[in-house]
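J.: Per our numbering: the sequence shown ends with 1247, consecutive numbering throughout.
Fair warning: there could be bad hints in the mix.
[Said to hold, decoys possible] What follows is a list of derived Cβ distance ranges for each label pair:
#	residue 1	residue 2	range
1	S116	D160	32 to 40 Å
2	Q10	A559	27 to 35 Å
3	I341	P759	37 to 45 Å
Calculated directly from the structure, the hints in this document are not laboratory data.
Beta carbons: idealized from backbone N, C-alpha and C, even for Gly.
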Amino acid sequence: MTKAAQLERLLGERILILDGAMGTMIQGHKLAEADYRGERFAAFAQDLKGNNDLLSLTQPGIIREIHAAYLEAGADIISTNTFNSNALSMADYGMEGLVYEINREAARLARSAADACMHQAPGQRCFVAGVLGPTTKTASISPDVNDPGFRNINFDTLVAAYRESLRGLLDGGVDLILVETIFDTLNAKAALFAIDCAFEARGKRWPIIISGTITDASGRTLTGQTPEAFWNSVRHARPLAVGLNCALGAKLMRPYIEELSNVADTYVSCYPNAGLPNPLSETGYDETPDYTSGLLREFAQSGFFNIVGGCCGTTPAHIRAIARAVKGLPPRQVPQIEKKRRRSGLEPLNIGDDTLFVNVGERTNVTGSKAFARLILAGDYGAALAVARQQVESGAQMVDVNMDEAMLDSEKAMVTFLNLIASEPDISRVPLMLDSSKWSVIEAGLKCVQGKAVVNSISLKEGKGEFVRQAKLARRYGAAVIVMAFDEQGQADSLERRKTICRRCYDILTGEIGFSAEDIIFDPNIFAISTGIEENNNYGRDYSEATRWIRANLAYARISGGVSNVSFSFRGNDPVREAIHTAFLFHAIQAGMSMGIVNAGQLGVYEEIPKDLLERVEDIILNRRPDAAERMVAFAETVKGGGKVQVEDLEWRRQSVEARLSHALVKGITDWIIEDTEEARQQAERKGGRPIHVIEGPLMDGMNLVGDLFGAGKMFLPQVVKSARVMKQAVAHLVPYIEAEKQKLALESGEAVKPKGKIVLATVKGDVHDIGKNIVGVVLQCNNYEVINLGVMVPASKILQVAREEKCDIIGLSGLITPSLEEMAHVAHEMEREGFAIPLLIGGATTSRVHTAVKIAPHYSSVTVYVPDASRSVSVCSSLLSDGLRDEYTRSVRADYDKIRTQHLSKKPRAPLLSIAQARANAVNTDWSAYTPPAPKFIGVREFRDYDLAAIASHIDWSPFFQTWELSGPYPKILQDPVVGEAARNVFAEGQAMLKKIIAEKWLAANAVVGLFPANSVGDDIEIYTDESRSQVAMCFHNLRQQAQRPTGKPNYCLADFVAPKGSGVKDYLGAFAVTSGIGIEARVKEFEAGHDDYSAIMLKSLADRLAEAFTEHLHQRVRREFWGYAADETLDNEALIREEYRGIRPAPGYPACPDHTEKGALFRLLDAPELGITLTENYAMWPAAAVCGFYFSHPESRYFAVGKIGRDQAEDYARRKGLALPDIEKWLAAVLDYDAARSSPT
């Protein structure tokens, strides 16, 4: 077994130990100038004291002794004494000519120490890491504050320096390469470039560890990158491990190593300093071995790393203590990270299947913008930077830079501009797209960018050889590539040519070069339409069709294009060009276009294009009629704006402004709220008042009335949310006046309206459901609480950071899926660990009072309270924050939860569990010889994109819609309920009105995938086969069986019982599905929220959820009638469907019959669901939240059931079948375990 294979095997088994500081140990020897010189350099012209790397030549015994001390302390990996052994750093001592020798001898010293250790202890494996340090230069920052574009080092010089160092390390016998203490990612990319060149030259690869340095509490490298942006920038090197070291002690490093651990799909290393520098300490640093090792043990218990060691200030004593502290603890499990298009500037840009269209700013392009070209030609780079900044501020998530101008030195201009961008964090936070028809210009740009950039573009125009060369270089620089549909014969101008060229390029890149498919972006050529040339008429349609084909056939690749090309025929007519761009993008995005080069500040809104203009624009884009071009040209001359609609006055508008504001708040009317609020502000000022008095007076009077009516049951939740919308818009109008007044008068903060308390709300990490949480936030805000809503999928570290920074009084957690329960417990544990003492509120569909008391509250010594719904939130918060009520309320909650825990621990099982063997012996007894399973009409997968929402809507079950708004009762009876009937009718009418808009204006898109496959059961599992040969298993659907004792004659059900066993000879089948009706919802929700319209945002989410369930019902009906066809004559109405009066079932992972959410992962791979825009979070919640997935069973006896509690024997068997460790399975099945996994040890 090779050393690399041995290292990887050990990393899978345990946490490996890296050595500690070399410099600290050398300092302990208190060496003098003569010691550094030795005999060889006694007469050297320059001072050499402090050149620690030289000691590998002049004092090899000391260096070998240090290596041996770390090995004896328990280090598995020792690092060479070569931190500064590069030409740039050694130039300070005049010793750049010794770089190769120093590296080689340092490697040999470490090699001999490691070999000697293994000789003395034959069972021990010791590895030598060859260190490449950061050098004393930085390629991303100017050393001259007066000249931000200046650099005293360039990429090529760095590469040359690293190659020479690397040659010595490899010749000296290192086992792996450690690129460490990275404060400038561009320097690191040069090192990785040199490494890849060396590996290619030697025909062999060595493992690489890449270790960045977060310099301070900003959480960024010295050159400004976040941990995830850093990872995105270096991920192309495919390192064995990535990690952090230096600058910070373990305590301050924790959130950043946690972030890196969560996003890196490789091993993680961590070797912090021994705290902060302390010149009075013997080692120069604060922390003792016990203190540092205690912190790192907690990191290990949290699953943050696979390799741990020490940096500055650490000694063999520290390493020994760390090795003991982590011994026996499991290594971090490398997570399965969703395949995304990962780019970065100073911040990451991760483009997933659920990411909205990515705008690439186009104005920093000398060929596309005359104004920008004039600035660059004039050398006015300051003004040119302002253009880039405007693009980012207008919404560009990436900036395209092009310097192809005949009168420019394009390479020089590209380098100058990119170096200046690097000094502007508000621009360089986004990734860059380097655009040129000359590869030399693109390459010059790649040498200036520390983030992960995009090359625009490469193609087969100059033949396969040049295409391959450029692609390999792009990968070596760590860039993604745009691939033009262009080959040796020219640009692809037909659909078939586009397909052929894109397929050929994809196969070369992925098959021959090994280029990551996620880093491939195709540009299938956007040409001008409506040119008057008949052959060009289909250009718009062909682009969309090519896009659709690429998404379906070239896995993980994405599509881009230069959008302004499409409207070139109408240059000079900006309104028409804007309409064409907007409509073209609308259709291209629907087809699968994921990014485009556009002017981010000049895109219209599709719904706002005048209908007559839109009709003609879409005629030319889609080539819908032969005279489309002529009609468009004629109409373009007549395009004009429209007028405003007059709204008639109403009786209540004649009342005083105070009465009007109160009326608007109670009735939820926003039409005149801004003008009424402004009138109230001016009236207050005339009377000597201030803007804040409008809030304190009429607005709060109105909201107090709303609160009183809600509390008395005379208003209901939908109306309260609408009232909050009105209040938010009014306050938003007043805020600028209040802030201006504060600045002018320097008012004390206490003079402002003081909220009752500050509350941070979050849907926990891995969960995307937030309707209920948002409603809680609205209700609390209505009652004068300040609410910070962090949104969905929020990690514990961010929740606690915001709570501390904002001095919050309460933390509220929400979640819908069962894995969120464990994440809530984790947040409680972290609150305890970090010393919080504020109340913790728990809510969400899967939570309960019992679960909160038993599983969450014990982790946190302060009070934890379960809040069942929004209506209780105000009273709970009021009690917790009231000086007079807090103590008594807290005591009552603690006493209640203590009682619940006691009852839970003492209660006897409702029914003793059978062993899993006994349960299987009592399985459903089916005579398979007497039953012939129906065969589906097709085998495989069928996709449905942009499904007719009107067809779906007819299947909506409205009862859960009212439950969302906390209105209880079955539909339609609830509409006549004497208590809530009026509120139900109102919210139902508004829901129906919005539903009509959703359908008519296509606010949402509904996508689905259905699969029908040959299948047979194998024990409690179901094998799903690729085809009728049944020779290849596409997926194994793992199931659980009921273990509770059943009444006589009642079986212990398992879903596998409803599929014919593999050995029966019966050919059975299984269906699978995933649906969503939430495509496009985020943009619309953000639009509502930006307008302070929470009511409409919540209404839209609730309707999307209903449509998803309705879509599921509708598709299941089609499966029974058409696709599988076993109930072709079924004629059930919607009410019968809701009552499930049909044959077969559709159980969903995470629900009672199959409670394991992780089965969704295999299901999504089987169906390739992400291609439809449906993805899974790390906790297997579906995104968009309005989504459903599951399986179809056709057997007439199949039925729904609850697995209930299971025993350890089944959990162990299930873990074995899934190939997972028992603790991992116990985590996901915690809700159904009949034993305490935390207290029980494996048998």
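J.: Next step is simple, just say for each hint if it's right about the structure.
T.: Checked hints:
1. S116 <-> D160: 32 to 40 Å: holds (35 Å)
2. Q10 <-> A559: 27 to 35 Å: holds (34 Å)
3. I341 <-> P759: 37 to 45 Å: The hinted range 37 to 45 Å holds for I341 and P759, with Cβ atoms some 40 Å apart.
The structure is consistent with each of the numbered hints, conforming to all of them.
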